[in-house]
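Undergrad: So the sequence lines, in the order shown, correspond to chains A and B.
Just so you know, the first sequence maps onto residues 1028 to 1479 in the numbering used here.
Just so you know, the second sequence maps onto residues 1028 to 1479 in the numbering used here.
What the hints contain is simulated information worked out from the structure, not anything from laboratory work.
From a predicted model like this one, the values you see are computed outputs, not experimental measurements.
Check the hints yourself; a few may be wrong.
Repeated chains share a single entry, so a pair holds when one copy, or any two copies, can fit it.
As the list claims (entries may be wrong) - Straight-line alpha carbon distances no greater than 30 Å define the calculated DSS-like cross-link-like pairs of lysine-lysine that follow:
1) Lys1443 / Lys1292
2) Lys1178 / Lys1194
3) Lys1236 / Lys1194
4) Lys1312 / Lys1292
5) Lys1121 / Lys1236
6) Lys1194 / Lys1312
7) Lys1210 / Lys1443
8) Lys1312 / Lys1446
9) Lys1415 / Lys1208
10) Lys1194 / Lys1443
11) Lys1063 / Lys1178
12) Lys1210 / Lys1063
13) Lys1245 / Lys1063
14) Lys1178 / Lys1140
15) Lys1292 / Lys1444
16) Lys1443 / Lys1415
17) Lys1194 / Lys1245
18) Lys1292 / Lys1245
Protein chains: 2
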Amino acid sequence: MHEEAQFSSAEEQLVYLQALIEAEDHSGLYHALADKESADLARWLESFPANQRHQIWLAVPDSQLGEVLAEVAEDIRTEYMTDMSVADVTEIVKGLDAQEVAEVLDVVEDHLKTEVYESLDEIIRSQVEVLQAYDEDTVGRYMDPETVNVKQGVSLEAVQRFVRIHKLLDDESQEIMVTDKDKHLLGTITLIDLVKQNQDALVDEFMYKAFTLNDNMKVSEAASVLRARELYFAPVTNVEGVLVGQLNIADIIEITQDDSDMTLKHMSGVSDEEELFSPILQSAKSRGIWLGINLATAFLAAAVIGQFEAVLEQVVALAVLMPVVASMGGIAGSQTLTVVIRGMALGQIAGNNRVWLFNKELWVGLTNGVIWALVVGLISHLWFGDPKISLVISIAILVNMTLANLAGIAIPLMLKKLKIDPALSGAVILTTVTDVAGFLSFLGLATLIILH
Amino acid sequence: MHEEAQFSSAEEQLVYLQALIEAEDHSGLYHALADKESADLARWLESFPANQRHQIWLAVPDSQLGEVLAEVAEDIRTEYMTDMSVADVTEIVKGLDAQEVAEVLDVVEDHLKTEVYESLDEIIRSQVEVLQAYDEDTVGRYMDPETVNVKQGVSLEAVQRFVRIHKLLDDESQEIMVTDKDKHLLGTITLIDLVKQNQDALVDEFMYKAFTLNDNMKVSEAASVLRARELYFAPVTNVEGVLVGQLNIADIIEITQDDSDMTLKHMSGVSDEEELFSPILQSAKSRGIWLGINLATAFLAAAVIGQFEAVLEQVVALAVLMPVVASMGGIAGSQTLTVVIRGMALGQIAGNNRVWLFNKELWVGLTNGVIWALVVGLISHLWFGDPKISLVISIAILVNMTLANLAGIAIPLMLKKLKIDPALSGAVILTTVTDVAGFLSFLGLATLIILH
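All chains should be built: construct the whole structure from the sequences, respecting the hints.
TA: So this is what it looks like as structure tokens:
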């Protein structure tokens, strides 16, 4: 107990493993990985580049290979499973639950899958088939198809005996389901009540209508609902109210985390698959797409500047100040974009509050626009001493910052209407808008006011 | 049950509430909010601007005011609690558990606090005092101080009877703690085993050494450890191994979510406090700080450009292409920064893997740098037909993108050493580096190659 309490940090554990790998101390590694949780082993595999990862992989105890593969990031799972024989995969899926089997089999080839299916325990196989029949991002795909079901009219004591005789609860069981003869869900009873309440009472008395998820609901929506309600688990029913499984919070935590990760990655132009230890070429390739898109928009901005060569030739100070206008618009817009995308994820943007939000962003944009227009105008005056330049940049800052705030809300709303993930392309489109508008307003005004 | 299963989306519920507020239909609102979870009520309060929020607040059932206040975002809690009398607060904290009381009392004034303390049930009061003695970001502050404890050597049946007689388990109980006479934690037993196993067996047989958290550990670190291990809960002990409470996953989900939110906000220059429905002036003010910092760095970049007025006056095409160099560096750098900050949050960066990561980023930067240098050089040649300009921009792109990738890992590592949150200032520093390096390399090379 005390050893566990003296928790050594994730970083310290990593450094220890690194030393073993460097020394190629295989037996040391073998000991370091013995008696560890599969989740930890998976995390360590993810914390090494491919060439060192293999030493860790070889030291994973055979009995945990399956659980570790089910747990680890998809690219690593694929890497290790691609060359496996039917016999290897069959060995690995032994003892896994249906969710884990489905996860593991997702990356193997179809002909192999059929053979492995046949080796599975009949109950697990039918559960795996249930899971795989659902679309990838639905609750049905992520749920645990195994539940403990009892009928109405039995006593708590009888339920306890039933559970004990059939050894029914597994590690993830949270509540007992009460169903009718056609498996329609009538209610659930918590383990807490099962233990705490008078044992002669009937389940009817303590069952309650738990918050229930539909099997075809999007899993990210389910995750945010459960999170908001602080629920540990929810029964899952199909459209006819028939119980098909349960969704546990442990599955959802991963999804929640994934969702926030995605938003962060998408907004910075990093693809879903890239991890810290992805190989060089894979990283270069996955980032290349975003660099290409960015290049196109950068040249669009350059083309706008190109229209104003005449004024730039005469007043070189404009070239010096030009990036300031674009940059202030860019930051103002991305502040709004971030707040709006978060609000969308929480389901807070709907109906007529859009009008209020546009109005808010307009006024925030104008307020900050006026303030920073004055500051920038003053600095420019001190620098170049030309009132026309100061006037031009002040107006351009005000226009671009106000427009940036409005674009920061308009762009994600439009993308959502078009069913495009606003985090994915919102930042790129926004930067294009603020760059183009910044250069256009600044150099356009300069042409009007200074050149004529 | 079926009603619950026909889940109406968060957006639909909001639109319904908006209609009631617009019609000032107070009794409609009152009905809409009756029999709802406090977590939902809190979420709705957060989904309206201040002037409309008040109508929702008035319709919250009196019995749920305390739970809703404990649940809602801190600025809203402060807003409603600032003017409350001792009597109001005393009424509100009735029936709350220690964690909720601590949360609510955090925002009231000290003299009020003492009076409210005296009104509390003695057990709750001592628990609140335990919680408030911990630092704000520690496990001790977030834990549930109430646990169910039994001694070694008793049978499962005896534990069940003990729980039943004293009505000991609450909604959040996960496991039963086994302690010695000095409350040192010896192990825990799950409710699942308590129900499932032979009732004559002793707790000793089924207790296990659960993963235990230290009360002074940082709560964000605890959250990431529990998440990685997919644990629903963990006992919390102090440095002497004495059981002081338990940490439940529901508390941690919130923290996890908060952490990802923070990273996203910080990287976009949005302050922690800003929410979608923050008032205009508050939003303008909180964003203003970041706009100011950005302005300083933008003028730094402008100052760099200002050093090269001579070459810009002669070759106006440089002014046109200049933003392309800065923009490509900016994207390349922020891709690296995002991957590195995520890896840090997962505890994946430690020891000698930093060398590997620098090496990786160098090669990713060089690879993408060469490719995009050629592309940009070609486009520039087609546009301006000047081989010198194409050469200059190609070299500048290669230099800036490679440097950007290295800065993307060096900056967060340095900030972490300085104990500064890398998400908070990483993006601003990075953009400064890529802008300055971009303009410097591009215009500097142009001066050398074209002007001389």
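Undergrad: All hints are to be evaluated individually against the structure, with a verdict given for each.
TA: Cross-check of the supplied hints:
When the C-alpha separation of Lys1443 and Lys1292 is checked against a cutoff of 30 Å, the pair qualifies both within a copy, at 18 Å, and between copies, at 20 Å. Taking CA atoms no more than 30 Å apart as the test, Lys1178 paired with Lys1194 passes in both settings, with 17 Å inside one copy and 26 Å between copies. Taking the shortest alpha-carbon separations for Lys1236 and Lys1194, both the intra-copy value of 25 Å and the inter-copy value of 22 Å come in at or below 30 Å. In this homomeric assembly, Lys1312 and Lys1292 come within 30 Å of each other (Cα to Cα) both inside a single copy, at 15 Å, and across copies, at 28 Å.
With identical chains, the CA atoms of Lys1121 and Lys1236 are at most 30 Å apart between copies only, with a shortest distance of 26 Å across copies and 36 Å within one. Proximity of Lys1194 and Lys1312 under a CA criterion of 30 Å is satisfied in neither setting, with 51 Å inside one chain copy and 60 Å between copies. Taking the closest pair of Cα atoms, Lys1210 and Lys1443 never come within 30 Å of each other, the shortest separation being 38 Å inside a single copy and 55 Å across copies. Taking the closest pair of Cα atoms, Lys1312 and Lys1446 come within 30 Å of each other only inside a single copy of the chain (26 Å); across copies the shortest separation is 33 Å, beyond that limit.
Proximity of Lys1415 to Lys1208 under the C-alpha cut-off of 30 Å is found in neither arrangement, the shortest distances being 84 Å within a copy and 82 Å between copies. Taking the shortest alpha-carbon separations for Lys1194 and Lys1443, neither the intra-copy value of 48 Å nor the inter-copy value of 50 Å comes in at or below 30 Å. In this homomeric assembly, Lys1063 and Lys1178 come within 30 Å of each other (Cα to Cα) only across copies, at 28 Å, whereas the closest approach inside a single copy is 39 Å. Taking identical chains as interchangeable, the C-alpha atoms of Lys1210 and Lys1063 lie at most 30 Å apart only when they sit on different chains, with a minimum of 27 Å there against 39 Å within one chain.
Taking the shortest alpha-carbon separations for Lys1245 and Lys1063, only the inter-copy value of 23 Å comes in at or below 30 Å, while the best intra-copy value is 34 Å. Neither within a single protomer nor between protomers do Lys1178 and Lys1140 lie at most 30 Å apart by alpha-carbon distance, with minima of 36 Å and 50 Å respectively. Within a single copy, Lys1292 and Lys1444 get their C-alpha atoms as close as 22 Å, and across copies as close as 24 Å, so both meet the 30 Å cut-off. Proximity of Lys1443 to Lys1415 under the C-alpha cut-off of 30 Å is found in neither arrangement, the shortest distances being 42 Å within a copy and 45 Å between copies.
In the homo-oligomer, the alpha carbons of Lys1194 and Lys1245 never lie at most 30 Å apart, since the shortest distance is 33 Å inside one protomer and 38 Å across protomers. Taking the shortest Cα distances, Lys1292 and Lys1245 sit within 30 Å of each other both inside one copy (21 Å) and across copies (25 Å).
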